[in-house]
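Just so you know, we're using our numbering here: the sequence shown kicks off at 1 and counts up by one.
It is worth saying that the hints were derived from the structure and are not from the lab. The model shown is predicted, which means the values in this text are computed figures rather than measured ones. There may be inaccurate statements among the hints.
What the hints assert, rightly or not - Derived pair list, reagent style DSBU-like, types lysine-lysine, alpha-carbon separation capped at 35 Å: (1) K239 x K100; (2) K287 x K144; (3) K91 x K295; (4) K483 x K504; (5) K295 x K243; (6) K66 x K100; (7) K434 x K353; (8) K295 x K66; (9) K243 x K448; (10) K165 x K91; (11) K66 x K165; (12) K398 x K381; (13) K12 x K67; (14) K287 x K517; (15) K287 x K396; (16) K441 x K398; (17) K584 x K517; (18) K239 x K202; (19) K409 x K239; (20) K243 x K194; (21) K537 x K504; (22) K381 x K271; (23) K67 x K197; (24) K186 x K66; (25) K341 x K100; (26) K239 x K156; (27) K186 x K156; (28) K67 x K144; (29) K100 x K45; (30) K100 x K12; (31) K396 x K504.
To be verified - Just the calculated beta-carbon pair ranges, DEER-fashion: (32) I347 x Q35: 39 to 47 Å; (33) A34 x D77: 22 to 30 Å; (34) P6 x F437: 47 to 55 Å.
Yeah, the Cβ is synthetic: ideal placement off N, Cα and C, and Gly gets one too.
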Amino acid sequence: MPQIYPSLEIIKEMRPVPTEGELFLINYLVEGFAQLECSTPDNPKWEIFFQPFLNGDRPDIIILNKKKGAYIIEVKDYNLDAYEYQPDDTKQSYGSLVIKNAKHTAVNVPHTQVERYKSNLYNTYSTILSSAVLDNASVYGCIKTGIFFYNSDRSKAKAKFSKCKHQHVNYIAIWGREDAEDIANKINYGLNPKPFKETLFKEIYYTEIRRIIDPGYNEIERNQKVSLNSRQESLSISKPNTKTTIKGVPGSGKTLVLAKRAVNAVNRTNKQVLVLCYNITLTNYIKDNISRFRKEASWSNFYVVHFHLFIAQQINEYTTLTIEEVFTAGEEDIINLECVKQAFEEIKDNIIKYDTILIDEVQDFDLEWLEFITRFFLHDKGEYVLFGDEKQNIYKRKQENKQMRTNVKGRPNTLTSSYRLSESIVNLTNKFQKEFFSPEKYNINIIKPVEQSSLFDTNTLIEYVNLGSDPQKLMDYISDCIKKFNIVDNDVCIVGNNIELMRKVEEQYLTTHKYQKTSTTFETEAEYNKIVNFRDKNYQEIKLGEVRRTKKYNFRLNGGSIKLSTMQSFKGWEAHTLFLILDKTDISCELIYTSITRCRNRLFIINIENETYHEFFSNYDNGK
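Kindly generate the complete structure, drawing on both the sequences and the hints.
Listed below in structure tokens is the structure:
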């Protein structure tokens, strides 16, 4: 028998209730693959995932086979006679469906949805799949897509979309109700039309997809026990009909409070909690902290996502807008929030609302983003909590009276003591504030360290070195420090502002440490060279954006390897040992402040031709 996740019994009890078409197809898939397995007993079993939670993406069905590949399926119960298909003139759009004789009732074409799920698997959720496609574009075909129309036959469904001009429309399988009895065979053939030819689908791809669509399959919880103080505990209590801000100095436990409040909200409401941040890399750090509190709560109840992916998922789910209409290349910033607002106003009563929305590092958000979130996604009497620190405003968002500019009124709750930072790093941070932060722009609040011998080694260290412009000296210095202080790879993070320099640092490290690994938030030198060899400059930018986004999405603190990151991407994280590289690029004082406060124990500041901060750090003697 094929394996189905969750079981048929659980599927029937799910909320929202599965559609008739979904239950109909699931039953035929189970029966069809059971017959297929009986006829080919030596082949790997088929696995059926119903509505797997891909961090906000919810495809109806994913079929997985260890030897053959994966199939993503959307099931639609549409009465196609009630819809008018409106094709687009471009080869990049699948067009839209509009309900006849109705106002403001355009719905997304299922082709757009199913292809977006596939694209995210390759270009967001997996560095393995992303790198594989970069090496061999044909690997993109190892995951197929299809649409099952429950209330239509195949010929009618194909005729409805026959005028679609999208360049990939013919790669999406279209099935009608009459195909259900033989759909397992159709999927089997679609994944492996030439059974005697070796497939491109490798076991490593299977393992990666399996990990992504079933987060509990190989989940490793952080075992370190954590205790909150009375102030943190009180701020972690989940309350309905609440709008508040929690402001805290670096290391004060803001993300821990958020994590426990998220768990408490799930326990209070038994509903999904939305947790938003701006940086892609921060999502994994938030999840790590939720792991420390969640106990029996299902991961599907925690929707942790960076803001831009959240917007992309919502426009894919609810509107006919294309990604290109909303985002710049690489999806780095929203360029047309007004068109999204207009589209959402027309269908706002149909949008899923959340009882609890928590936002980490809120100083990274524009005010209009926050207003958009509360207008369309928060229940009238919901819980809305913002966490942040205005001095970590590295993206130069507008402020108001030296405070973060948000849509929450009233005095913020504050956390003033740092549990992460050692006394010497606190002293450095306080002096840095006084030296570089303008009193016209910021209130200079002195951070108070909390003595916790269990967190800090007695040999806390701050070291500054000026190495000039030689990248080789930089890597030699880092390697020497790691050996001298016997630092474990997993404890090391190298942070800088210049990706080109960081790529070369990683390349040099791997050249001299052939059997060791690294984890980065950007492309390797080899990947970069492959990308710049593409003739189309626009395609180069798109591909570079995809690779970086995937690297950030998969960046984790405890992967066992040395980590290299840009200063922006490491924001919100922490490291036992931090090598901070200051090059000659323009680095804001907010970015330096944020980077320094990521370090728990040993801080090595390396100057590569930076004049702005040289005098300050050269006069600073290890916390004295």
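Going through the hints against the structure:
no.: 1; hint: K239 x K100; verdict: violated (44 Å)
no.: 2; hint: K287 x K144; verdict: holds (30 Å)
no.: 3; hint: K91 x K295; verdict: violated (48 Å)
no.: 4; hint: K483 x K504; verdict: holds (21 Å)
no.: 5; hint: K295 x K243; verdict: holds (26 Å)
no.: 6; hint: K66 x K100; verdict: violated (44 Å)
no.: 7; hint: K434 x K353; verdict: violated (44 Å)
no.: 8; hint: K295 x K66; verdict: holds (31 Å)
no.: 9; hint: K243 x K448; verdict: holds (27 Å)
no.: 10; hint: K165 x K91; verdict: holds (5 Å)
no.: 11; hint: K66 x K165; verdict: holds (34 Å)
no.: 12; hint: K398 x K381; verdict: holds (28 Å)
no.: 13; hint: K12 x K67; verdict: holds (30 Å)
no.: 14; hint: K287 x K517; verdict: holds (23 Å)
no.: 15; hint: K287 x K396; verdict: holds (26 Å)
no.: 16; hint: K441 x K398; verdict: holds (11 Å)
no.: 17; hint: K584 x K517; verdict: holds (28 Å)
no.: 18; hint: K239 x K202; verdict: violated (48 Å)
no.: 19; hint: K409 x K239; verdict: holds (17 Å)
no.: 20; hint: K243 x K194; verdict: violated (59 Å)
no.: 21; hint: K537 x K504; verdict: holds (22 Å)
no.: 22; hint: K381 x K271; verdict: holds (14 Å)
no.: 23; hint: K67 x K197; verdict: holds (12 Å)
no.: 24; hint: K186 x K66; verdict: holds (17 Å)
no.: 25; hint: K341 x K100; verdict: holds (23 Å)
no.: 26; hint: K239 x K156; verdict: violated (51 Å)
no.: 27; hint: K186 x K156; verdict: holds (19 Å)
no.: 28; hint: K67 x K144; verdict: holds (14 Å)
no.: 29; hint: K100 x K45; verdict: violated (44 Å)
no.: 30; hint: K100 x K12; verdict: holds (32 Å)
no.: 31; hint: K396 x K504; verdict: holds (29 Å)
no.: 32; hint: I347 x Q35: 39 to 47 Å; verdict: holds (42 Å)
no.: 33; hint: A34 x D77: 22 to 30 Å; verdict: holds (25 Å)
no.: 34; hint: P6 x F437: 47 to 55 Å; verdict: holds (52 Å)
Hint violations for this structure: numbers 1, 3, 6, 7, 18, 20, 26 and 29, all remaining hints satisfied.
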